[in-house]
Amino acid sequence: MSNKKKKKLTPAQQEYHSFARAREPRRPVLRNCVLAFLVGGAICLFGQFISDFFLWNFDFTEKTVGNPTIAVLIIISVVLTALGVYDHIAQWAGAGTAVPVTGFANSIASAAMEHRTEGFVLGVGGKMFKLAGSVIVFGVFSAFVVVLIRTVITMLGGS
Amino acid sequence: METYIWSFVVGGLICVIGQLLMDVGRFTPAHTMSILVVSGAVLDGFGLYEPLIDFAGAGATVPITSFGNALVHGALAEAERTGIIGILTGIFEVTSAGVSAAIIFGFLAALLFKPKG
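Quick mapping for you: the protein sequence lines, in order, are chains A and B.
Following our numbering, the numbering of the first sequence begins with 1 at its first residue and continues without gaps.
Following our numbering, the numbering of the second sequence begins with 1 at its first residue and continues without gaps.
These are computed hints drawn from the structure, not numbers from a lab.
Some hints could be false.
Claimed, not checked - Computed footprint of chain B on chain A; a stretch qualifies when at least three of its residues, placed anywhere within it, have a C-beta under 8 angstroms from a C-beta of chain B:
hint : region
1    : 24–34
2    : 66–73
3    : 103–112
4    : 145–152
Just so it is clear, the structure is predicted and the values come from calculations on it, not from any experiment.
Just so it is clear, CB atoms sit at the ideal spot from N, CA and C, and this is done for glycine as well.
Build out the structure end to end from the sequences listed, making use of the hints.
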């Protein structure tokens, strides 16, 4: 928690906060990082194999092959999520399964399945982007700002 | 052969950055993903992400950072063609495959399967 937030807490709350923090189980950071590296690397390597498959067998170039690769990885990830396999891997691989696009697809599929009991419109449709929504919102907004700045710069430089 | 090694190493390293953000920075997974997407977009704004893709292939296109990169790419290309309104019309041009595949198959999964575990 940042210092700014800490100031708003009462002394008793601050005391509890440091008390709880000292007693929470230590995170095995090194082990987590090694697992994330191996699993994440393996997913990307698998993606590279899919890319090369598309490059050799279909009419794609190095620049356009990213899209079908990502689509295939997403399909595989959704199937694994539906079968309940992906979440087992994610439990010990941490960021290794969350950071690749497979994690994005996993969050959408699992949210959709989880909220099915609330109905298709309010549950599946409404809650599907519960986790992935922030990725899309911040991705789109930051991309908008970045491109706006670049466009203004080229307009000023080009005129 | 070299591309395979670099895609493994670079993809793995991006995941390690994500793991460090979660473990050391104590961000939630959703915060971590958002930070990575924004950094992908900003890196592409400086023209730094494309060289990484040339170098590492899927190691750079598979992690979520490439989503930010692809958003910027589509918007930039369309903005160059049609001016400032192109930012709005082009922003999802490249990422369409990823987003629509995730929505369509996520919905199918919810139709066909019950959550396990």
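Hints versus structure:
1. 24–34: holds (count 4)
2. 66–73: Held - the region 66–73 of chain A has 7 residues with a Cβ nearer than 8 angstroms to chain B, which meets the minimum of three.
3. 103–112: holds (count 8)
4. 145–152: Per the Cβ count (6), the hint holds.
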